[in-house]
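Enquirer: What follows is each chain in one-letter form.
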Amino acid sequence: MHIIVKLFATLRNGRFEQDVLHLADGVSVQHVVDMLSIRSDEAAIIFVNGRHADPEAPLSDGDTLSIFPPIGGG
Amino acid sequence: MDRSTLTAFFGVHAVDGLISLAVAEQAMMAGGLSLHEVEDAALAAGYLPRRYERNRNLFSVEDQLRLHRSCVAVVGCGGLGGHAAEMLARCGVGHLICIDPDSFAEHNLNRQRFCTISSLGLPKADAIAEEMRNINPSTQVIAHVEAFRLNRAADLLGPADVIVDALDSFDARAELAAACRALGRPFVHGAIGGWHGQFGMQAAGSSVLEQWLGTCRGKSGIEEQLGNPSFTPPFIASLQVAGAIRILLGKDDMAWGKVFFCDLRQMAFDTGSLG
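Quick note, the sequences are listed as chains A and B, same order. Under this note's numbering, read the first sequence as residues 140 to 213, first letter to last. Under this note's numbering, read the second sequence as residues 12 to 286, first letter to last.
Fair warning: there could be bad hints in the mix.
In silico lysine to any residue, SDA-like type, Cα no more than 25 Å apart, as pairs [what the hints assert, rightly or not]:
(1) B:K269 - A:H191
(2) B:K230 - B:D182
(3) A:K145 - A:R178
(4) A:K145 - B:L237
(5) B:K269 - A:S199
(6) B:K269 - B:A214
Treat the hints as calculated values from the structure; they're not laboratory data.
Start from the sequences, fold in the hints, and give me the full structure.
Expert: Right, dumping it as structure tokens:
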């Protein structure tokens with residue numbers, strides 16, 4: 140299956156802004172995060188098709204996965 | 012001077028439905044009233060302080076009265092909080108509560124609205140209260156020079172209709188969101204880091220941002236690595252103030268339970284739903 144992955148802010152460093160990944164059917168959100176070597180403390184929120192996703196949720200063909208780093212300044 | 016005498020006075024002195032500051036000051040002197048009280052009476056009688064003339068096509072006089080009688084707590088008076096307080100006062104929000112334990116330091120000069128050479132060393136919350144008297148003297152500001160703590164939430168936030176999160180740590184933000192849920196107040200989140208910012212709103216009684224911010228406890232934000240420039244704080248503070256004004260005016264809101272992200276270097280904007 141094909142998954143569109145969008146990375147934001149510092150997560151783009153050494154990776155990419157947006158890419159299409161070819162993956163085995165049914166892999167989880169966490170699988171993609173691990174594949175991209177994004178540590179748990181580097182990701183604050185993950186959306187699948189614009190909705191907050193459980194890391195264990197399986198992805199479907201055509202899903203868009205967006206990963207954002209923690210932003211905490213005021 | 013009672014309300015009917017005041018209304019008659021406004022009727023004589025209003026120009027095109029507008030009351031100038033000089034006329035309001037005459038009413039203050041004659042009636043022994045504060046500007047806040049005089050403008051409340053003017054708005055209730057359908058007259059608009061001239062200060063809000065350019066709000067006129069955006070907010071009705073009833074809306075303006077509602078803002079005048081509203082209270083917003085700005086928790087954190089640094090980059091986001093200073094801009095938010097100013098914009099809320101210029102909109103005509105009648106009561107502000109500003110909470111921050113810190114004083115202005117040199118490293119705040121690159122972005123914090125009321126940090127100037129002459130305000131260095133002054134408590135931020137006090138400095139904002141003082142500046143508001145010059146920007147909108149009918150806005151009443153209570154300054155609390157202390158850190159927001161959960162055990163003080165009811166005392167600090169009790170009078171507020173809306174709470175603006177302008178803090179700088181995930182732990183404090185998660186506690187503030189929890190306090191808002193417990194007190195039944197809407198929570199307007201904003202955060203910045205480098206060229207990036209985020210904004211979100213939690214409705215009264217909801218815990219959607221509280222739960223998400225709870226998962227961020229202990230994480231370090233990208234601002235620790237990137238710092239913060241002058242232009243992201245007012246951008247995110249604008250989204251927070253627009254959200255707070257929509258809530259105060261009772262508009263249906265499209266932002267509940269959502270988080271908006273911006274990247275001002277790449278001009279990338281994204282919104283997702285937490286619910």
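Enquirer: Does each hint fit the structure? Answer for all of them.
Expert: Now the hints, each set against the structure:
no.: 1; hint: B:K269 - A:H191; result: holds (9 Å)
no.: 2; hint: B:K230 - B:D182; result: holds (9 Å)
no.: 3; hint: A:K145 - A:R178; result: holds (16 Å)
no.: 4; hint: A:K145 - B:L237; result: holds (21 Å)
no.: 5; hint: B:K269 - A:S199; result: holds (23 Å)
no.: 6; hint: B:K269 - B:A214; result: holds (11 Å)
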